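Respectively, the protein sequence lines represent chains A and B. Using the numbering used here, you'd call the opening residue of the first sequence number 2 and step up by one each time. Using the numbering used here, you'd call the opening residue of the second sequence number 146 and step up by one each time.
These aren't lab readings, by the way, just hints derived from the structure by calculation. Being a predicted model, the structure only gives us computed values, none of them experimental. The beta-carbon is built from N, C-alpha and C at its ideal position, and this holds for glycine as well. Some hints here could point you the wrong way.
[Unchecked claim] Some chain A residues close to chain B (C-beta under 8 Å, calculated; not the full set):
1) Thr5
2) Asp28
3) Ala29
4) Pro31
5) Val88
6) Pro111
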Amino acid sequence: MSATLIPGVRHGAVERKLEAIVEKLRDAPPTVKEMERARELVRAWNRYEEDGVTAQGFMIGQLEVLGSREAFPHFIDRVVSVSPEDVRKAAEAYLVDRARTTVRYLSEAPA
Amino acid sequence: MTGSTHWVEHMLFKGGGKLGKGDLDRLISRVGGKYNGFTDKDWTMYYETIPAEHLETALFVESERMRNAAFDPKEFDAERTVVISEREGSENQPEFLVEEEMWGTAFHVHPYHWLPIGYKQDLAEMTRDEVYAWYRRWYAPNNAVLVLVGGFDADRAVALVRKYFDPLQPESLPSSRRFVEPPQMGRRDADVRRPGEVDYLEVGWKLPEWAHPDIPAIVMLTGVLGGWRGFGLAGSGGRTACTGGSSRAASPRTSARGSNSGSTPPSSRCPRP
């Protein structure tokens, strides 16, 4: 996740907020409304990836390199059929401190 | 040497074999086509989008530069300035500096440690012969994927592919070394300090490879974080904290409980005509 901070806001405040969001996702599945919103986002991302022969060629080529081009036509169906509990389990399994890296860009006044 | 593949990309637009310098424009742009190339962490890609009746032209171009790029020494030296300038231009962007630090901090062993653009000291010292040897070793039909999309006749297309690519000799590829990032043992943090007026933050988590059964749930998780939950970042302690935020998931080729991150590797894209 990335964030551009409003001047005067410290990184710690944003990180604490992010940690609270992640913690909540690990503890309880997303709501039905959130899931529907996420499905819409995923469908929109997918639509951009399929827009025109150039984008389709990029997608097919990249997936072939990744090793699973054949899975692509059904991939979006698998994504949108994920349950809220699946999302919670994914957050619990992967959004963990021991696999996390945080990089802060701290702007300074010119010397 | 970091940055080799990206530098090759620059050289493959400069002719060689039956392609003269400037032929790409003559052959493709003048029939209403467009072309470009870009280099990412797991692949380098070249493409033409061209009217279907000119499919043969695109296949000719790609087969020719797959093995016969000239790598003229003068052109190579001139391109050193271009590649270094491209890197220096990126260094003016906080997002680039943070991305470079993210991959460098998250991956200690795996080549995801560095970005496709490469380190400046490598770009300053790399020789034409080193980059040419890299090109000859890896740019071969048995190490490439050819994708055709569009409204062409499939049988004719296959015949044309055979015409242009069958004569290309395969290369003896070195056995594919599998880099495995050791398990991360704890949270990692890094700061980047530069003159400027805006602060920026990235947080990444390692993810499994693309074919892993958890990937669909992770994509939905990214959607949830990029939806209302993510917007929650805009209200922190009763006031706005961020002007913009995003969540992304990328799942590159190699496995990764040893090799992946929650942020998309930036491609090295070069604007071309």
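In ascending order, which of the hints set out earlier in this document are inconsistent with the structure?
Per hint list: 2 and 3 violated.
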